[in-house]
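Asker: Residue-level listing of the chains:
Protein chains: 2
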Amino acid sequence: MDKRLETFISENAPLIEAEMNRLINSEISPSSLKESMLYSVNAGGKRIRPLLVLAVLADFGKHSEDALKVACAAEFIHTYSLIHDDLPCMDDDDFRRGKPTNHKVFGEATAVLGGDALQTRAFGVLASLEHTRPEQVIRLVASLADASGAGGMVGGQVLDMEGETASLSLRELEEVHLHKTGALLSFCIEAGAILSDAQDDELEQLRKYAKNIGLAFQIKDDILDVTSTTEQLGKTANSDAASDKSTYPSLLGLEGAQQQLDRYHRDAVESLAFLEKEDSMLKLFADYIVQRNT
Amino acid sequence: MDKRLETFISENAPLIEAEMNRLINSEISPSSLKESMLYSVNAGGKRIRPLLVLAVLADFGKHSEDALKVACAAEFIHTYSLIHDDLPCMDDDDFRRGKPTNHKVFGEATAVLGGDALQTRAFGVLASLEHTRPEQVIRLVASLADASGAGGMVGGQVLDMEGETASLSLRELEEVHLHKTGALLSFCIEAGAILSDAQDDELEQLRKYAKNIGLAFQIKDDILDVTSTTEQLGKTANSDAASDKSTYPSLLGLEGAQQQLDRYHRDAVESLAFLEKEDSMLKLFADYIVQRNT
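Protein chains in written order, with this note's numbering: chain A, 1 to 294; chain B, 1001 to 1294.
Source of the hints: derived by calculation from the structure; they are not laboratory data. Check each hint, because a few of them may be wrong.
Okay, the calculated beta carbon distance ranges per label pair [what the hints assert, rightly or not]: (1) E6(A) x G1044(B): 32 to 40 Å; (2) K46(A) x G1044(B): 41 to 49 Å; (3) R1207(B) x A18(A): 57 to 65 Å; (4) H131(A) x N1238(B): 53 to 61 Å.
Treat the numbers as computed from the prediction; the structure is a model and nothing was measured. Yeah, the Cβ is synthetic: ideal placement off N, Cα and C, and Gly gets one too.
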């Protein structure tokens, strides 16, 4: 990983994690529920979404007292979606990132409710911003709702489930990922842009960037699923092939998938040209997404 | 039921229902997910929460173009909570209001996701208000998040689950209901007050009203569970006694519970004195809550 990105992550990830804990602990709630929420929030992960919020601000050379909270809101949504995805009635996963899943530790009922409450907390956190103009706060709430609801992430999860029993075209597979993973990643980029007071045309370029890294992220996940071991991934490797799921490698072959990944990466990087920055943090993130091993 | 309340309900409930359908249909989402959301939204119910939002405005003699949307947001949260409560891992109910529960029709996975997306939609709807000052919109989002999250409704659901395996004191039982049912009812009253530009001291009185009708609502539910048949209720009667759950009648006896209900009702009505209105719609709702048969 690039040294500058490594520094950026090692400086910011602990701030994000501390703030998430603070935001959950500051609500008075039953201890079992709080523990369930904190367990999944603290179960690791690359923190790509919240870091992307901060990376946009860094690239614009802007600072916002509220950025950390907005970053946490995005990670709360991501975390709630993982808890619900892992449930027996969904993907039925016992482990995530090498640790028992939420429902294995707290039971299914508390896992459902812990996820529910994390979603709520995300919106509550946005409504608590104190250094952002009210109109911008409302844009953030609207954007997060669009990204994470029936027309975004949750809709993508449904498409993904339905796709498991059908053979998808490349176009349909893209549709799944644009919703399931892409929408929330786009929110992160857009949120950073809103907090940076980006112009409309800049926002347009950033949306292209977000779309392309979202697809790159997923294609890389698919490739890693084929080329890695369970130990390396911290989750079951080769699970896609085992479940006969449509993936980029299954549709394009491994080499074809790699070429597609390179295209998405190139398009993502090209849409950052307006920044006129050699050392754009968003560029380094795009590089990292295609080069990572887990 | 009082004739004026009946008119109020018969005029407004269809508007609320049409608007909820419109708000769900206006999002582009997978059809199975949309059907799941619409199924539970259209599965009947008394619409007490959204009607209370409108009742506050009626009592203040105010009109807001956004009131219907805010009312729907509250009902979306209520509906999502019912879908998740009915899941096998929670109350495991096959029927609600005489109809198969969401997961019986659409399967558990879609029920979880339909509930998730309804929660998201509630916040998205608040962020879409066009006739309310931005500061007030943010107050509404913050208030809904407080009411429905870990410190409110979801927390109450956890307390309720934990209470099923313990014998609760009257104080603890109140604590459960203040969270599980009371918090969202309070949001409805507060939302109506925000849209009516109520003064702080008026809001204070309305909060007392909300707290008391919330407790009255629950105690009445407990009484009906003992005194009604399954047919009358549209859900399994005597379920509390069968599950050995702490309820007002089990703690106070049926007569004691009825007296407590009367006290909550009286306190609720007294806190409306500031309205100086004989025919307060909120008063009629309080009457209805204690007199209803289902």
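Asker: Check each numbered hint from earlier against the structure, then list the numbers of those it violates in ascending order.
Answerer: Numbers 1 and 3 - these are the hints that the structure violates, sorted from lowest upward.
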